[in-house]
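S.K.: Protein chains in written order, with this note's numbering: chain A, 3 to 395; chain B, 328 to 439.
Honestly, the hints are just simulated from the structure, not real lab data.
Quick reminder that beta carbons are idealized off the backbone N, C-alpha and C, glycines included.
Where hints are given, some of them may not hold.
[Claimed, not checked] Heads up, simulated DSS-like pairs for lysine-lysine below, C-alpha to C-alpha not over 30 Å straight-line:
| hint | chain 1 | residue 1 | chain 2 | residue 2 |
| --- | --- | --- | --- | --- |
| 1 | B | 401 | B | 412 |
| 2 | A | 224 | B | 335 |
| 3 | B | 412 | B | 388 |
| 4 | A | 224 | B | 333 |
| 5 | B | 426 | B | 388 |
[Said to hold, decoys possible] Take a look, some chain B residues computed to stay more than 10 Å from chain A by CB distance:
| hint | residue |
| --- | --- |
| 6 | 335 |
| 7 | 344 |
| 8 | 374 |
| 9 | 382 |
| 10 | 426 |
Single-letter residue listing:
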Amino acid sequence: MPITKAITGNGALAEAMRQINPDVVPAFPITPSTQVIEEFAQFVANGEVDTEMITVESEHSAMSACLGASVAGGRVMTATSSCGLALMWEMLYVAASMRQPIVLSLVNRALTGPINIHCDHGESMGARDAGWIQIYAENNQEAYDNLIMASSIAEHGDVRLPLMVCMDGFIISHAVETMQVEDDEQVRDFVGEHTPVHSLLDTDNPVSWGALDLQNYYIEHKRGQMAAIENAPAVIADVSQRFGQAFGRSYELFESYRLEDADRVIVAINSIAGEIKEAVDTLREQGEKVGLLKIRVFRPFPYEEIRDALRNARVVTVLDRSTSMGAYGPLFAEIRTALYDLEERPLVYDRVFGLGGRELFPEDIVEIFAESRRYLEEGKVEKVFDILGVRGD
Amino acid sequence: MTDKYKLKTWQELPLGGVITEGGNAADYETGTWRTARPVWCSEHCIHCLNCWVFCPEEAYKLSDGQTRSGKPRKEICEIDYYHCKGCGLCVAECPVNKKGDAVAIEFVHEES
Chain A
3 MPITKAITGN GALAEAMRQI NPDVVPAFPI TPSTQVIEEF AQFVANGEVD TEMITVESEH
63 SAMSACLGAS VAGGRVMTAT SSCGLALMWE MLYVAASMRQ PIVLSLVNRA LTGPINIHCD
123 HGESMGARDA GWIQIYAENN QEAYDNLIMA SSIAEHGDVR LPLMVCMDGF IISHAVETMQ
183 VEDDEQVRDF VGEHTPVHSL LDTDNPVSWG ALDLQNYYIE HKRGQMAAIE NAPAVIADVS
243 QRFGQAFGRS YELFESYRLE DADRVIVAIN SIAGEIKEAV DTLREQGEKV GLLKIRVFRP
303 FPYEEIRDAL RNARVVTVLD RSTSMGAYGP LFAEIRTALY DLEERPLVYD RVFGLGGREL
363 FPEDIVEIFA ESRRYLEEGK VEKVFDILGV RGD
Chain B
328 MTDKYKLKTW QELPLGGVIT EGGNAADYET GTWRTARPVW CSEHCIHCLN CWVFCPEEAY
388 KLSDGQTRSG KPRKEICEID YYHCKGCGLC VAECPVNKKG DAVAIEFVHE ES
């Protein structure tokens with residue numbers, strides 16, 4: 003039976019992992035994702051799952067073990083944050099190029115330094131070019147739902163790529179919210195059986211994985227990988243629709259919140275979307291045409307769909323919760339690229355916020371909309387790039 | 328070698344670069360690496376098979392033969408120059424060469 007439960011974001015991810023019952027979970031704990039593995043380890047100890055849990059000595063080893071278990075034919079999951087993902091870096095690329103459908107729960111946290119344990123999206127944005135599918139979640143319900151959909155997307159024959167489900171550290175991972183936990187059997191039916199492809203344990207058909215690939219083939223292999231991730235949006239849409247039919251919550255590549263007639267739009271990722279929705283509702287009551295476009299799938303990036311969704315907007319404010327030193331924020335770069343092909347482009351500008359977990363309150367969102375109103379009236383953007391809430395001019 | 332090694336398009340490649348055929352190192356022509364070539368001299372060879380043991384490319388080929396007293400044994404019969412990369416290990420490890428009275432494996436510069 004589905005139940006409504008008060009649960010933390012990390013607890014929701016552990017719950018989904020229990021229901022999926024993966025074959026192998028190699029993991030190394032790191033704040034704020036520790037609790038995912040901690041709770042899952044209890045499920046293993048209690049015999050509630052059949053998973054082989056491997057406690058490794060680092061995240062580099064965790065992702066290496068994921069890779070080994072995956073090429074051996076297992077369904078593999080793990081979780082990490084921040085510097086843990088950074089230590090996996092080398093293996094992230096290997097997993098993607100070897101087309102292993104490993105599923106990673108990423109609880110977003112700022113990268114060191116200075117050392118910090120709180121939320122921003124620096125690590126996942128840094129990993130955006132690794133070849134993994136990235137799906138973001140606003141709250142614990144979405145994180146849970148995305149994780150349940152993850153295996154079906156990653157393991158799909160047209161895709162076969164690793165996938166990370168991203169959720170905000172502490173803000174969501176450690177906050178208790180009520181959400182719906184679906185029935186175990188129904189989740190297992192939805193996720194289905196894992197079918198290994200070229201398994202190393204299939205000794206009747208021996209294979210070699212991870213061979214050297216030089217000037218004569220590297221680019222062809224990369225092209226194949228590109229084709230796989232290009233296939234992902236259709237598969238994500240299909241799995242999301244099937245999820246909606248099974249559990250009643252439907253998802254698109256991104257969420258459009260009061261967007262249809264909005265002339266000023268904020269584009270953002272993850273938990274901040276909750277506060278933006280609140281601010282949008284407040285301003286809508288006052289007759290302002292504002293809206294939100296919340297990114298769900300960042301890789302592959304749905305350029306055309308987002309361009310169409312923002313076609314009628316006149317001012318677009320992009321909120322980047324990470325920074326690319328010496329460049330505009332990563333989300334802004336994508337959004338502005340998406341909008342370039344429009345004949346009549348909206349004004350678009352970038353605001354970096356929330357680095358290292360700095361809060362942004364609903365009244366701050368209202369202020370952001372006040373600025374975008376000014377730009378709409380003046381017909382131009384005063385500052386293309388700025389950092390919100392930083393002390394000093 | 329054959330069409331098997333004709334460069335493929337990206338659509339023709341197996342998933343994730345997996346190699347589905349075992350033992351395909353044998354198809355790789357390491358003979359092109361050679362700058363010097365070992366030449367086997369059957370009249371001096373004592374068929375101790377040291378060269379066969381030390382050769383990293385399995386370039387020494389064996390045939391069935393017999394000892395002077397008629398016992399069956401394996402004998403060196405030729406060098407496979409498709410794979411011999413001219414490392415010279417066989418030349419260095421040959422006990423006939425070491426003794427110095429004769430040369431069972433000669434090392435000569437590869438004609439370019």
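S.K.: Quick check for students: does the CB of residue 335 of chain B sit more than 10 Å from each CB in chain A?
M.R.: With a cut-off of 10 Å, residue 335 of chain B comes too close to chain A, as the shortest Cβ separation is near 7 Å.
S.K.: Residue 412 of chain B and residue 388 of chain B were given as a pair; does the straight-line alpha-carbon distance stay at or below 30 Å?
M.R.: 15 Å, holds
S.K.: For residue 374 of chain B, which was marked as not at the interface, is the minimum beta-carbon distance to chain A over 10 Å?
M.R.: 34 Å, holds
S.K.: Straight-line Cα separation of residue 426 of chain B and residue 388 of chain B no greater than 30 Å?
M.R.: 24 Å, holds
S.K.: Check whether the Cα positions of residue 224 of chain A and residue 335 of chain B lie no farther apart than 30 Å.
M.R.: 14 Å, holds
S.K.: Just want to verify: residue 344 of chain B was marked as not at the interface with chain A; is every Cβ pair farther apart than 10 Å?
M.R.: 5 Å, violated
S.K.: Is the Cβ of residue 426 of chain B farther than 10 Å from every Cβ of chain A?
M.R.: At about 41 Å from chain A, residue 426 of chain B clears the 10 Å cut-off, so the statement holds.
S.K.: Given the hinted pair residue 401 of chain B and residue 412 of chain B, is their Cα-Cα distance within 30 Å?
M.R.: 23 Å, holds
S.K.: Residue 382 of chain B clear of chain A by more than 10 Å, beta carbon to beta carbon?
M.R.: Non-interface label stands for residue 382 of chain B: nearest chain A Cβ at 23 Å, farther than 10 Å.
S.K.: Given the proposed pairing of residue 224 of chain A with residue 333 of chain B, does the C-alpha separation stay at or below 30 Å?
M.R.: 19 Å, holds
Checked against the numbered hints given earlier, the structure breaks hints 6 and 7 and satisfies all the rest.
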